[in-house]
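There are 2 protein chains.
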Amino acid sequence: MQVGKASIKFEEPPVIESMASIVGKKEGEGPLGKLFDVVEQDDMFGADTWEKAESALQKQTADLAIEKGDIRKKDIRYLFAGDLLGQLIATSFGTVDLEIPLFGLFGACSTMGEALNLGSMTVAGGYADKVMAMASSHFATAEKQFRFPLSYGNQRPFSASWTVTGCGAVILSKNKKEGIAAITGITTGRMIDMGIKDSMNMGAAMAPAAFHTIQQNFDDFNVDENYYDKIITGDLGQVGRAILLDFMKNKGHDLETIHTDCGIEIFDPDSQDTHAGGSGCGCAASTLCSYILPKIKDGTWKRVLFVPTGALLSTVSFNEGETIPGIAHGVVIEHIGN
Amino acid sequence: MQVGKASIKFEEPPVIESMASIVGKKEGEGPLGKLFDVVEQDDMFGADTWEKAESALQKQTADLAIEKGDIRKKDIRYLFAGDLLGQLIATSFGTVDLEIPLFGLFGACSTMGEALNLGSMTVAGGYADKVMAMASSHFATAEKQFRFPLSYGNQRPFSASWTVTGCGAVILSKNKKEGIAAITGITTGRMIDMGIKDSMNMGAAMAPAAFHTIQQNFDDFNVDENYYDKIITGDLGQVGRAILLDFMKNKGHDLETIHTDCGIEIFDPDSQDTHAGGSGCGCAASTLCSYILPKIKDGTWKRVLFVPTGALLSTVSFNEGETIPGIAHGVVIEHIGN
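Protein chains in written order, with the numbering used here: chain P, 1 to 338; chain E, 1 to 338.
Next comes chain P alone, as it looks inside the complex:
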C-alpha cells in the first residue's frame, strides 16, 4: 500500500528467511567479530586480484545464505545485488555461477537498502516466492578505485572512513509465518546535494540524505522516533552521526540514544585506527546480517528503521570539482511473534 510521498506499507510483509555475513580479517578483529558467519583470514579470498577476491566474497556469501536457509538455488527467482566498483564488476563476475535473474543496482553504500526496497516490493507484489538481496565492498578494491594505491601508505584525515571488506546477503520469502524478521515497510530516498565536496568526509555528504529519508519516513507513516526501538544508518560514521543528530534536533527529534550507525558499530576507532568509522556497501549489509537481524529476531528490538546511506562520487566527478550528492533508503524491519 502506498503511504505518503515515498513509502510503502506491506499488507503481507516479506519475511527474511535466511541471512549470511562474511567479512575480512580486520572486521573480524572489531567489536562485531564473533557475530559474523565467517571471518576470512585471507583478504584475497583465494583469488589473484582484489576484484576477483570481492567476487569470490559475494559468491561465498550468497552460497552460505542459501545453505543456511536450506533453500534450493533454483527457488530464488531474482537477485538484487551491487557493489561499489565501476560497472559493478564484483557483482557481475560474482553472480554468474548463481544462474539467477539479476537486477544490478548502484546506490553507492546505500545499495543494501535499495536491494531490500526492491526485493521486498517484488515478493510482496507476488512476483516471486523468494528473492535474494546482497551487497559487498572490499577495502582494497575501494582504495584502489577511489583513493590511493595501498602501497603508498597514504595518511588519512580523521573524518575519513575505512571501507569494510564484507558482504551481507538475505533471502526474502512470501507466505512465511516464521523467520528471522519481517520487512513491514520501506521509504525510498532521492538524491540530496548539499554542496559537500570533501571526499575524505563522506559522513557529511551523506548525513543530509539520511536526515531527509528519516524525516520522510516519519511524515509518511505519521510516526516519530518513539515508534522505533532503533534507527540505524549505514555508514555515516562519527562525523555524519553528529550532523544527522543536529539536523533532527532542529526538527524537534532527539535521536541521541535511539540512533546508531553500522560504520560506528563495526570498528573500534581507538584500537583499529579506522577514524570516523566503517563504510562501503558491505558495511551496512554485513552489520545487518550479523548484529542487527539477530537482535530483532530475539526481540531485543521489536522495530528498527534501517537506513543505508550512499555518497555518489567517482574519481572523475571528484577531480572535476563536483559536489558529492547523497542518497539513503529506509527499511522498516520488525520482530516476528510476541
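Note that these hints are calculated values from the structure, not bench results.
No false leads were mixed into what you were given.
One copy or two, it doesn't matter: identical chains are merged, so the pair holds either way.
For lysine to any residue, the following SDA-like pairs were computed, each having C-alpha atoms within a straight-line distance of at most 25 Å:
1) Lys5 to Gln60
2) Lys251 to Val96
3) Lys230 to His253
4) Lys5 to Ile71
5) Lys144 to Val316
6) Lys197 to Thr49
7) Lys177 to Tyr127
8) Lys5 to Lys59
9) Lys73 to Gln215
10) Lys59 to Met194
11) Lys5 to Val96
12) Lys177 to Gln2
13) Lys177 to Gly126
14) Lys74 to Val223
15) Lys197 to Asp97
16) Lys144 to Phe318
17) Lys9 to Lys174
Following the hints, put chain E in place on chain P, whose structure we already have.
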C-alpha cells in the same frame, strides 16, 4: 503473474503514457534523425565537462517526457535510471533536481530493459501510479572511460561499436486505457559468460545473453518467433546479430526477417563510419522512444519483444584479463486497441 522461470505476465499491463528522446549531432544525421524529439547540435549540452553534458542530457530528456505527457513531476513516484559511467555519475548528478525517489540501476547497455522490468513491476504491483524509466550514454564520456582519449584519434576495428550520445525516457502509468503502448510482460536476464575477452567486439560478448533471454521468453510464455511482429535487441550490432541468428537457428528459430537491433538501426555504417553499429544504454533507450514505440502506437507492429543487451566490463576487469559477461532483459510491448 509469474510465468515460467524468469518471466512475468501483467494482468493489468502498465501503459507508456509519455516518452522523450534526445540525441547528439551524429545520431541526428543517421537514419532515425528525423524521429528524435531533439537533436542537440552542441555535444557539450551547454556544460563544461563531458560528464556534466551527459547529466544535462538526462535532465532535459526527463523534463521533456514530463512536459510531453502533461504530467506533474510530483505525480511520478519513482525513477528507475542508469548510465554507463563508474558510480553512475551521469544519473546521480542529472536527477538531483527532479526530486523523485531514485533506484539507481546498472546493467551496462541493458539498463533501459532493467528499468522497464522494474518500473512495470512497480506500477502493475500497485506501488505507484506513475514511474519514469530512463537511460543515457554519451560518446565522449564512454570513450574517455572505456577506451582512449578522443584526441588520440585512435583507430577502431570493424567489430567495434560507436557509443550513442542519447537518452530515452518513458513514463509508465496505471489504470490507463489509452497511451503509446502497453507493457504486457517481462523476462529478466541473468549473467551469461561465454569467455569472450575482446572489448572491441562487444556484440559477440552480448549475443549469448540475448539468445538466452529470447529463448527463456519463448519457453516461459510458450511461444516462438511467430508470436512477435519484431524482436529488437539493444546494441548487438552486425557482428552480434549474426551470432544471435546462428544460435537461434540451431534451436530451430529463424529470426532473419523478424529481428533487428537498435545499434543497427541508429547509424548508417557506410556514411557514418560507425563500424558494427551503435551501442551504449542511450542507444536502446533513444531508439525505443523515437523509432520503436511510434510504430507500436500506430499499429505497424502489434507486439514487439524488446531486448536491451549489456556487456559487463570495466577497464579494470579488462586489464586484468577477465572475460566479458553479458546480460539481456526482455520487455513485451504491445499495441493498444485494434
